[in-house]
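Peer 1: Listed below, chain by chain, are the residues.
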Amino acid sequence: MRFSFELVPKHPLWKLEIVGSMAENIGIDGIWLSEHPDNRSSILTACHLLKTFTRIWIGIGVLNPYMFHPLTMAQVAATLSEIAPGRVYIGIGAGDRISLERAGIKRTHPLRRVERCVKIVREILRRGFYDDEEISIKLNFRPRSAIPIYVGAQGRRMLRLAGRIGDGVLVNHTNPDLLESAVNEVKNGVEEANRRINELDLAAYLTISMGEDESRALKAAAPYSAYIISGAGEELIERLGIDPRVVEEVKRVLRAGDWARLYQILPPDYIRATAFIGGIDELKEFVAKLLKLGYTQIVFGGPFGPRVLKALRMIGEVVKYFRRI
Amino acid sequence: MRRYLELDEGGRRKLIDGILEIILSSPNADLVSDEVGWKISEKFRSGKLYDLYGFKLLLEAANSCDPIKLEKFLEGMR
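Going down the list, the protein sequences come from chains P and E. Reading the first sequence from the start, the letters are residues 0 to 324 in numbering that gives the first Met the number 0. Reading the second sequence from the start, the letters are residues 0 to 77 in numbering that gives the first Met the number 0.
Hint data in this document are derived by calculation from the structure and do not stem from the laboratory. Take the hints with a grain of salt, since some may be wrong.
Straight-line Cα separation of at most 30 Å, DSS-like style, residue types lysine-lysine; simulated pairs [unchecked claim]:
#1 K71(E) x K9(P)
#2 K309(P) x K71(E)
#3 K288(P) x K218(P)
#4 K186(P) x K309(P)
#5 K71(E) x K250(P)
#6 K309(P) x K13(E)
#7 K71(E) x K319(P)
#8 K42(E) x K309(P)
#9 K9(P) x K68(E)
#10 K42(E) x K319(P)
#11 K218(P) x K68(E)
#12 K38(E) x K9(P)
#13 K42(E) x K250(P)
#14 K68(E) x K38(E)
#15 K50(P) x K68(E)
#16 K68(E) x K309(P)
#17 K47(E) x K218(P)
#18 K137(P) x K38(E)
#19 K13(E) x K218(P)
#20 K319(P) x K13(E)
#21 K71(E) x K283(P)
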């Protein structure tokens, strides 16, 4: 069982450094840095944090093959391994459709693109080169350690693909029902590839908002839920039990950046459907359930809570509890 | 705010968590100068936020990113 944080490089590097330091102090194993084209570079942030810390590992999660060529991903991962051998992970996924469209990129054939990308990156990292009928590429240096490749997944087919090809899977859900069905999809993929489930690290990539005051925890999670809902496909919206009319309204509000209106239109139940809201005991119960389902890594992702320092310490209590049992 | 710089170490220690909370929870951390931010991180990591210089940096950072919250917090602690 491993515990990690998701940090979003929308914050200044010094602030990420403070949270990273807290992570080390409370027994967190690693940090996943999310990649968004409008935030600070997750790659350069990883470089800084790997130089700063000596124990925790850093994962870049996730890079998508539309904005990053597989050779670039392999080059980045191999270079980072020179700074911190054995402490570098790479996440590959289809990327956020809306963000890509804003950059003028159509997210075509995501399954095929991710599968090919993982194959190429893995080959380059293992053998130093990749050759097929379309491309012939190589690195002039070797990675200093093995670099596990995680596949970021949310939809059924991507989860299955992740089970087939990933060294790990970043399951991008917080809803308990979806996390449960995701395990089954990953297992299907594992079976298709004649692998065993314990060959891969199954990570629940959670949106967490902890606090003693539930209304404030809900408010802190609302923008995160809004982004999850606005980026979700029709199938996911249906499975979450969310009214499609609310989705359209949320998209409009996000475009306008009208946060006050967001709190009015987003019902608490919809926030709870996409984010964990609660205190230490509730989080212990939730984590225990996930471990029972077969998850081997718990990623605690933002907003953490309305009071970040307090929330991080609460998460620390939960981590300590599971380290003891 | 100058009067808070006259607090002794015990007094400063009582306020540190609350001020750090304001900084970490603020969406306006980009308003803090990078120079101050890096120094705070250095002090935090060496466990010396409570010294006079560390405390001064914290006050400056919180005042940059969330002055109203800082004022309310300090008033509440008096």
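Peer 1: Does the structure break any of the earlier hints, and which numbers would those be?
Peer 2: Structure breaks hints 4, 5, 7, 13, 15, 17, 18, 21.
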